[in-house]
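K.L.:
Required output: the full structure, derived from the provided sequences and hints.
So the sequence lines, in the order shown, correspond to chains Y and D. Going by numbering that gives the first Met the number 0, the first sequence opens with residue 0, and the numbers climb by one from there. Going by numbering that gives the first Met the number 0, the second sequence opens with residue 0, and the numbers climb by one from there.
Be a bit skeptical, because a hint or two may be false.
[As the list claims (entries may be wrong)] Only pairs whose alpha carbons sit at most 35 Å apart, straight line, appear in this in silico DSBU-like list of lysine-lysine:
| hint | chain 1 | residue 1 | chain 2 | residue 2 |
| --- | --- | --- | --- | --- |
| 1 | D | 32 | Y | 18 |
| 2 | D | 51 | Y | 18 |
| 3 | Y | 18 | Y | 222 |
| 4 | Y | 107 | Y | 222 |
| 5 | Y | 107 | Y | 18 |
| 6 | D | 74 | D | 51 |
[Unchecked claim] On the chain D side, residues computed to face chain Y include the following (Cβ under 10 Å):
| hint | residue |
| --- | --- |
| 7 | 17 |
| 8 | 110 |
| 9 | 182 |
| 10 | 184 |
[Stated by the list, open to error] Listing some non-contacts, in silico: residues in chain D with all C-beta distances to chain Y over 12 Å:
| hint | residue |
| --- | --- |
| 11 | 11 |
| 12 | 32 |
| 13 | 41 |
| 14 | 48 |
| 15 | 53 |
| 16 | 55 |
| 17 | 57 |
| 18 | 78 |
| 19 | 90 |
| 20 | 98 |
| 21 | 106 |
| 22 | 127 |
| 23 | 167 |
Everything labelled a hint here was simulated from the structure, so no lab data went into it. All of these numbers come straight from a predicted model, not from anything done at the bench. Backbone N, C-alpha and C fix where the C-beta goes; we use that ideal spot for every residue, glycine too.
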Amino acid sequence: MEWTDDGIVLATRPYGEGKAVVSLLTQNGGRHSGLIHGRSRLGGAVEPGTLVRATWRARLSEQLGTFALEALAPSPAVLLLDDALRLGLIASLCAVTDAALPEREPHKPLFDATQAMLAVLDAPPEVWAPAYVRWEVGLLGELGFGLDLDRCAATGVNDGLAYVSPRTGRAVSASAGEPYRERMLVLPPFLIGQGLGSLAEVLDGLTLTGHFLERVVFHALHKPVPAARERLITRLAAAFTPAA
Amino acid sequence: MSAPEIDRMMQLLARLPGLGPRSARRAALHLMKRRDALLRPLAEALGEAAEKVATCSVCGNLDAQDPCAICRDPKREATSLCVVEDVGDLWALERTGAFAGKYHVLGGTLSAMDGVTPEDLGLDRLADRVRRDGITEVIIALNATVEGQTTAHFIADQLTGSGARITRLAHGVPVGGDLDYLDDGTLTAALRARRDV
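P.N.:
Dropping the structure here:
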């Protein structure tokens, strides 16, 4: 068996002396793992976030198989080793994808979204932070837990949406949700096309997606939300807080 | 085919890094052929190491005494601390002879994949040590990988306010490195970190 596809490196786990098991988000085959030889020779090409061309070979399709990898561009992680915030974004993006996606299930829209997310890393955090929240909303959708943010679950109106039900993931208008506001999740306006997204809105968005990632994705997988995501949130909050 | 004692020895040798079943068989045969010159001294050395060598309670190094020889050495700079991932990295730095301060061995790096947390690495212990021992410079000598540098940034955050200068190892062209053979990322990082000649 052999195929060649483009992929984004999600994680690399050393295996033995010079080998490693690499997990990729491939364009057409979803998350796929394989063994690579000569880990140190590949250098930054096996760091999370690197876009690679991968050739996978195995005798049987169910085997782990081996990858031959070629970096298609310099690893964004290697270029951002000094940038704690962006490095945190790459770590969270890759760790959440690697932990949440089932193996060998195609998710081309997610590949495209992840590639787009990595492409905006040069932009200021005010641009990529809201984009990351949208990426997590997209991830939930890809996994079958899409949020319904088009109209109010209680009244059917599509104006004045302000909350999301923590149970159903459906939007609720400000008036209908007011009696339950303590229990509701805040719907940041930028997720329904209103505004660009301030830090407070980004943090609200991460609380919203974090709730559903934990409740419907990672709870079912019996594992916690990757700590890299929590560290990104802490770092984002600190980066946007004016120094005293 | 062989005695159970030899099988057991080969099985254990095959679990060492760099050795597979075939090389373990060769090593076992070699040891058996040189019983007095190699096998017995090796067995004694292994027994002695198992008996005496322990982890230093101050820095995490391996030594027969606690604190280790580096921590006890009064000639070393007590105000410089180099943070490394494991004892192998400490040994590598010691081989260079370029660092005369003390060390702190983390025992790993923050890892989303393996679920390694700041508590697992005892980062509170590191922060306490920096403040308690009046450290003026902390050199973070971790791998130039996402996990290594994520850990480095986390440590730098933890030590903010300690008064210590936080530095890290340079990234770029290795000595003797041929530019033509470097990967694009390393070359770009080196270009970005260029300095005046």
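K.L.:
Per the CB criterion, is residue 110 of chain D less than 10 Å away from chain Y?
P.N.:
Where the cut-off is 10 Å and the nearest Cβ of chain Y is about 9 Å from residue 110 of chain D, the hint holds.
K.L.:
Would the least Cβ to Cβ distance between residue 32 of chain D and chain Y come out above 12 Å?
P.N.:
The claim holds: residue 32 of chain D sits with its nearest Cβ about 26 Å from chain Y, beyond 12 Å.
K.L.:
Is the straight-line distance between the alpha-carbon of residue 107 of chain Y and that of residue 18 of chain Y 35 Å or less?
P.N.:
28 Å, holds
K.L.:
Just checking, residue 11 of chain D versus chain Y, shortest CB gap more than 12 Å?
P.N.:
About 17 Å separates residue 11 of chain D from the closest Cβ of chain Y, which puts it past 12 Å; holds.
K.L.:
Does residue 48 of chain D really sit off the interface, with its C-beta more than 12 Å from all C-beta atoms of chain Y?
P.N.:
22 Å, holds
K.L.:
Has the given pair, residue 51 of chain D with residue 18 of chain Y, been kept, meaning a C-alpha gap of at most 35 Å?
P.N.:
The given pair, whose Cα atoms are some 33 Å apart, holds under the 35 Å limit.
K.L.:
With the threshold set at 35 Å, check whether the alpha-carbon distance from residue 74 of chain D to residue 51 of chain D stays at or below it.
P.N.:
Holds, because 25 Å separates the two Cα atoms, which is no more than 35 Å.
K.L.:
Does residue 53 of chain D really sit off the interface, with its C-beta more than 12 Å from all C-beta atoms of chain Y?
P.N.:
Non-interface label stands for residue 53 of chain D: nearest chain Y Cβ at 26 Å, farther than 12 Å.
K.L.:
The output says residue 167 of chain D does not contact chain Y. Does that hold with a beta carbon cutoff of 12 Å?
P.N.:
8 Å, violated
K.L.:
Mind verifying the non-interface call on residue 55 of chain D? Its CB should be farther than 12 Å from each CB in chain Y.
P.N.:
With a cut-off of 12 Å, residue 55 of chain D remains clear of chain Y, as the shortest Cβ separation is near 25 Å.
K.L.:
Over 12 Å from every CB of chain Y: does residue 78 of chain D meet that, or does the non-interface label fail?
P.N.:
Label holds. Min Cβ-Cβ 25 Å, cutoff 12 Å.
K.L.:
Is the nearest CB of chain Y more than 12 Å from the CB of residue 106 of chain D?
P.N.:
For residue 106 of chain D, whose nearest Cβ neighbour in chain Y is about 15 Å away, the distance exceeds 12 Å, so it holds.
Going down the numbered hints, you'll see the structure goes against just number 23.
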